[in-house]
Amino acid sequence: MNNSVTNTARLLGAGLRALLVLTVLTGVIYPLAVTGVAQAVFPGTANGSEIKSEGKVVGSSLIGQQKYSLDYFQPRPANGLGVNSVNTQYRLILSGATNRSADNPDLIKWVKEAKAKVVRDNSTADHKVSPSDVPADAVTSSGSGLDPDISPAYADLQVHRIAERDGLPVARVRKLVDDHTEGRTLGFIGEPRVNVLELNIALRELIRGQ
Amino acid sequence: MGPVLAGVLQLLALIGALALAHIPLGNHMAKVYSSDRHWRVEKWIYQGIGADPDTQMRWPAYLRGVLAFSAAGVLFLYLLQRLQGVLPGSLGFSSIDPDQAFNTAVSFVTNTNWQSYYGEQTMGHLVQTAGLAVQNFVSAAVGIAVAVALVRGFARSRTGELGNFWSDLVRGVVRVLLPFSLVVAVVLVACGVIQNFSGIHEVGQFTGGSQQWNGGAVASQEAIKEIGTNGGGYFNANSAHPFENPTPFTNLLQIFLMLVIPFALTRTFGVMVGSVRQGYAILATMATIWVGFVALTMWSEFAHHGPALQIAGGAMEGKETRFGVGASSIFAVSTTLTSTGAVDSFHSSFTGLGGGITMLGMMLGEIAPGGTGSGLYGMLIMAVVAVFIAGLMVGRTPEYLGKKIGTREIKFAACYILITPALVLVFTAAAMALPTPGHSMTNSGAHGFSEILYAYTSASNNNGSAFAGLNADTQWFNTTLGLAMVLGRFLPMVFVLALAGSLAEQQPVPVTAGTLRTEKPLFTGLLVGAILIITGLTYFPALALGPLAEGLAS
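Top line first, the protein sequences correspond to chains A and B.
Here the numbering used here is used: position 18 in the first sequence is 18, and no number is missing along the way.
Here the numbering used here is used: position 4 in the second sequence is 4, and no number is missing along the way.
Derived from the structure by calculation, the hints contain no laboratory data.
Note that the coordinates shown come from a computational prediction; the quantities given were computed from them, not determined experimentally.
Heads up, some of the hints might be wrong.
To be verified - Which bits of chain A does chain B cover? Going by a derived footprint, with three or more residues having C-beta under 8 Å, they are:
(1) 22-35
(2) 55-66
(3) 96-107
(4) 117-129
What the hints assert, rightly or not - Some chain B residues judged to face chain A by a derived CB distance under 7 Å, without partners named:
(5) Leu9
(6) Ile49
(7) Gln211
(8) Arg322
Backbone N, C-alpha and C fix where the C-beta goes; we use that ideal spot for every residue, glycine too.
Bound-form chain A, shown alone:
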């Protein structure tokens, strides 16, 4: 009995020592080495791909923002996004999805309402949007709630509204969208997309510059 207790203790000691040594290697040296390289070679991306407009940081090109006025391009809904509930000395963005199933009554309601709003907001005097024109990404929340992009179809759908509200020619706004449309990587990886923050920064420059 005593013997087996000592053996177990000895074995646990070896396990603990192994863990500590490997912690130094993979939990201290490794992350510090990667951070060193990252900060030296890629400081922009390593610190969050911050993006400036008119001399001020206006966010990260990777993190989608909400609450743009209708004068600007609208992002996707983000019904799964939260605010932090613990360590409330901060106001952290809490990434997340709605996790509602395809037959969930909340989700059905959200999608219907979002669709009606997209149709209403984007129909102008001489341009009527039909519900069947609305792409899926315009009425659904992304996985992170921070999706920085919308589909080119959703950006195109907003062109007439933007042109009317901002007093710009439709063709000019459409060109702006085209210039900010990124195709699939190497032609087949991922999906075509438009970065909403970058597009809106360019739009603001266009409005102020005219």
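Starting from the known structure of chain A, fit chain B onto it as the hints suggest.
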């Protein structure tokens, strides 16, 4: 080009990349685990541990090493979380409650990476890098070690010796996982993944005001998260979060990374047992199931059945624009057929059948290609069962790789395949029978049941993904899911190592005209059939109540 074609091309690109990479990586791992030379840094580590890396261990000693190391890991990680509030590097975050700290400690040590916490508001730099990320490395290395011990059981004869656990553990980290992760982490940073140790960033917004996000060593953790099939995200949204997975390219890279070691281990197996064709048969079995499941999921997601998705005009709920439906489907299947559990889209909002396939992928035991190490040993257990079934058909003592599958061996294999289904079904039934666990559901009806079935399937199979509407941060779920993870990880390992020991003692039997040729396509077909029938029948009633009911109703 349409999205369907783009999805198919991404799948083909992955197949091509894996076909190219698995041979050199598999050969490398075979050399790593067969070499009798120690690197200098490894000798220092052995001195630190106080272990002799050249002592050969029989299966009980090997198992004791696995258990002692893992127990130390749970204890250390538990204490690190409990003390977070008083340790430096916490970002000012408070200590973690006991039930959640237990759940998380167990989760990362068992290579599950189930998360009942929100990373960005809960875990500071110290716990993330020196606690969670360390287990990403070592739990993966433990998995590979156990798989290699089983392979040695097939390769060796008339000895009970399976190798040295400390040596296998250290070599897995030093010669395989660490160098690979270093390279990948730098690539990820170049593509946009963050890597810093600054505190909370306060950043201006376009519309005025500001937003706060936390920095962190994300790229270094992201690399091993996929390579080690761990899957625990730095942020709550996991690989859907743009700071973890910023571009379509990083997305495809992450899918590749979670698949490459499990597929390459079939090569390691082939080389170590002296017949690469045996490795190809196992590889073909894994690849058949993986490609088939991807095709089914893509078909279901592009068809987007289900009321909300029909109104929306596409299955984009819970999916990111940059990945789209095709790449998200490949990611979802790959993460649940390996033991990764990372997500780039949220499975709960998939179509009924698409979500059901992710669940079935885990229920198969995560063997196609499975987790780092656990995929190979799980698949080899199924191969043992398949030759046994074939042996029964022709009335001949079954053998695999020259080793007789006798009463003892088949008992170990049978115990192995019974453990996880028992855990999943008993815990699910208990949660459904009790009054309070159901309060954690976000969705009702069939999908609500699926949330709970998914949770226990994920925990018992050490996957870690979720139908994340389930509020799992309750004492009931933290405790029972924690138990499911421990039992689902270590009980199967007991039987794997016992089987390995029993095989290693045998004298090989010569190949005769009556031997079942396990390197032929016929055997691959038999193995695929055995896997689908055995697990399919075990879980069919539960699946019928959840995803099948939901999928067929829409």
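Point to revise | Structure versus earlier hints - violations, ascending order | key: 4
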